[in-house]
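J.: Residue-level listing of the chains:
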Amino acid sequence: DAGVTQSPTHLIKTRGQHVTLRCSPISGHKSVSWYQQVLGQGPQFIFQYYEKEERGRGNFPDRFSARQFPNYSSELNVNALLLGDSALYLCASSPYGTSGNTIYFGEGSWLTVV
Amino acid sequence: KQEVTQIPAALSVPEGENLVLNCSFTDSAIYNLQWFRQDPGKGLTSLLLIQSSQREQTSGRLNASLDKSSGRSTLYIAASQPGDSATYLCAVGSYDSGAGSYQLTFGKGTKLSVIP
Numbered sequence: 098d099a100g101v102t103q104s105p106t107h108l109i110k111t112r113g114q115h116v117t118l119r120c121s122p123i124s125g126h127k128s129v130s131w132y133q134q135v136l137g138q139g140p141q142f143i144f145q146y147y148e149k150e151e152r153g154r155g156n157f158p159d160r161f162s163a164r165q166f167p168n169y170s171s172e173l174n175v176n177a178l179l180l181g182d183s184a185l186y187l188c189a190s191s192p193y194g195t196s197g198n199t200i201y202f203g204e205g206s207w208l209t210v211v
Numbered sequence: 014k015q016e017v018t019q020i021p022a023a024l025s026v027p028e029g030e031n032l033v034l035n036c037s038f039t040d041s042a043i044y045n046l047q048w049f050r051q052d053p054g055k056g057l058t059s060l061l062l063i064q065s066s067q068r069e070q071t072s073g074r075l076n077a078s079l080d081k082s083s084g085r086s087t088l089y090i091a092a093s094q095p096g097d098s099a100t101y102l103c104a105v106g107s108y109d110s111g112a113g114s115y116q117l118t119f120g121k122g123t124k125l126s127v128i129p
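Protein chains in written order, with this note's numbering: chain A, 98 to 211; chain B, 14 to 129.
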């Protein structure tokens with residue numbers, strides 16, 4: 098079975114632009130979470146979606162938004178990009194919202210803002 | 014607010030040595046704790062998941078322990094190999110039953126180098 102897949106793998110954007118990152122969870126998984134990992138730091142929680150509803154949001158500005166589609170795939174959108182948004186964006190999936198189970202991460206999308 | 018600290022930040026050991034990575038957290042009201050491995054430029058691979066009611070988990074050469082009352086977890090790696098070289102991340106899971114939300118709070122990781 099395919100793991101968590103993310104696209105694009107790398108992208109470069111200019112300050113002020115908008116970016117959309119995509120994630121397909123493991124088949125059968127209904128929960129998708131997004132994390133931001135700045136170089137040298139641990140990942141930070143951005144959003145969790147379960148059954149197409151936002152269930153949790155980390156300490157990120159409103160420029161960050163996400164949604165989950167009927168097939169449980171997800172998009173992360175970031176508006177008005179800042180240099181500080183440069184990071185590895187990780188998507189994770191799990192079968193249920195509570196995740197007493199292992200959570201599985203994708204390979205991430207590397208975003209560079211110039 | 015949960016804070017997770019990992020010590021040491023970096024560790025270099027000769028092949029074959031046994032080693033311990035440490036993780037501490039400030040809020041003992043955790044749902045579970047996971048250890049992950051991250052290779053350079055890559056995503057995270059789950060190594061071990063310990064539920065809040067458990068004391069330890071083992072997988073192959075890896076053993077993770079959890080002491081909620083003291084806010085500590087350790088990852089023990091036996092007979093280290095060069096292929097174990099990676100960054101190891103500790104992540105504390107918290108669940109908000111009202112919102113139905115689960116999230117991980119990560120430490121900054123321990124970068125391990127195993128020298129042949």
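Since the hints were made in silico from the structure, they are not lab data.
Warning: the hint list may mix true and false statements.
Derived pair list, reagent style BS3-like, types lysine-lysine, alpha-carbon separation capped at 27 Å [as the list claims (entries may be wrong)]:
id : chain 1 : residue 1 : chain 2 : residue 2
1  : A       : K110      : B       : K55
2  : B       : K121      : B       : K14
3  : A       : K127      : B       : K55
4  : B       : K55       : B       : K121
5  : B       : K124      : B       : K14
6  : B       : K81       : B       : K124
J.: Confirm or reject each hint.
T.: Results of checking the hints against the structure:
1. With a C-alpha separation of about 21 Å, the suggested pair K110 of chain A and K55 of chain B falls inside the 27 Å cut-off, and the hint holds.
2. Using a Cα cut-off of 27 Å, the hinted pair K121 of chain B and K14 of chain B holds, with the two alpha carbons roughly 16 Å apart.
3. Under the criterion of a C-alpha separation no larger than 27 Å, the hint pairing K127 of chain A with K55 of chain B is consistent with the structure, at around 23 Å.
4. At roughly 15 Å between alpha-carbon atoms, K55 of chain B and K121 of chain B fall within 27 Å of each other, so this suggested pair holds.
5. Among the hinted pairs, K124 of chain B with K14 of chain B is consistent with the structure: their alpha-carbon atoms are about 25 Å apart, no more than 27 Å.
6. Of the pairs offered as hints, the one joining K81 of chain B and K124 of chain B holds, with about 24 Å between alpha carbons and a cut-off of 27 Å not exceeded.
Comparing the model with each earlier hint shows no violations; every hint is respected.
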